[in-house]
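**Q** Sequence:
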Amino acid sequence: MVLCEQISINFSNIDNPALIITVVGLVAVIIALAVLAFVIGRITNIQNFFVKIKLRKRETKSDPTEEKPLISISADENAAICTALYLYFTEMHDEEKYVMTVKKVSRNYSPWSSKIYGVMSLSKRR
Numbered sequence: 049m050v051l052c053e054q055i056s057i058n059f060s061n062i063d064n065p066a067l068i069i070t071v072v073g074l075v076a077v078i079i080a081l082a083v084l085a086f087v088i089g090r091i092t093n094i095q096n097f098f099v100k101i102k103l104r105k106r107e108t109k110s111d112p113t114e115e116k117p118l119i120s121i122s123a124d125e126n127a128a129i130c131t132a133l134y135l136y137f138t139e140m141h142d143e144e145k146y147v148m149t150v151k152k153v154s155r156n157y158s159p160w161s162s163k164i165y166g167v168m169s170l171s172k173r174r
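In our numbering, the protein residues as written are 49 to 174.
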């Protein structure tokens with residue numbers, strides 16, 4: 049009886065299309081992660097870009113003599129807004145009162161619901 053067999057890997061079964069698919073998949077994942085990291089790192093710049101576009105649209109519609117407010121959102125303010133939105137959208141139900149009421153319901157006697165008689169009759173037989 050052999051308890052431990054030696055495991056060997058045969059690389060001759062791996063063909064070129066399998067290697068190409070593996071390499072292309074790994075490169076695609078690494079590129080996607082790099083792009084995602086870049087976008088997350090530049091999220092404030094992207095947000096400020098869209099705010100400036102909205103301000104330019106407002107400038108063309110409004111009088112040029114008006115005072116133009118500068119909108120700038122800091123990272124702390126952005127984090128507070130995102131946290132508030134997350135908490136608001138993940139709340140699935142209303143607040144509960146946590147009050148339990150127990151009402152005593154009087155029922156008419158029924159031998160069908162009384163199991164004590166069945167148990168006692170078995171114990172008397174023995």
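What the hints contain is simulated information worked out from the structure, not anything from laboratory work. Cβ atoms here follow ideal geometry from the backbone N, Cα and C, with glycine treated the same way. Check before you lean on any hint, since a few could be wrong.
Computed spacing ranges between beta-carbons, pair by pair [said to hold, decoys possible]:
| no. | residue 1 | residue 2 | range |
| --- | --- | --- | --- |
| 1 | A123 | T70 | 38 to 44 Å |
| 2 | E53 | V83 | 42 to 48 Å |
| 3 | T70 | L103 | 26 to 32 Å |
| 4 | I62 | V83 | 27 to 33 Å |
| 5 | I68 | A123 | 51 to 57 Å |
| 6 | F137 | I94 | 18 to 24 Å |
| 7 | L135 | Q95 | 17 to 23 Å |
| 8 | A123 | S60 | 24 to 30 Å |
| 9 | A123 | Q54 | 53 to 59 Å |
**Q** Hints first: check each against the structure and report whether it holds.
**A** Cross-check of the supplied hints:
Remark: the range hint 38 to 44 Å for A123 to T70 is upheld by a beta-carbon distance near 39 Å. A hinted range of 42 to 48 Å holds for the C-beta pair E53 and V83, which are about 45 Å apart. Between T70 and L103 the CB atoms are about 48 Å apart, so this pair departs from the stated range of 26 to 32 Å. Separated by about 30 Å at the C-beta atoms, I62 and V83 satisfy the suggested range of 27 to 33 Å.
Between I68 and A123 the C-beta distance comes to about 43 Å, which lies outside the given range of 51 to 57 Å. The given range of 18 to 24 Å is respected by F137 and I94, whose C-beta atoms sit roughly 21 Å from each other. Taken as a hint, the range 17 to 23 Å holds for the pair L135 and Q95, whose Cβ atoms sit roughly 20 Å apart. The supplied range of 24 to 30 Å is broken by A123 and S60, whose beta-carbon atoms lie about 55 Å from each other.
Judged by the Cβ atoms, the range 53 to 59 Å given for A123 and Q54 holds: they are separated by roughly 57 Å.
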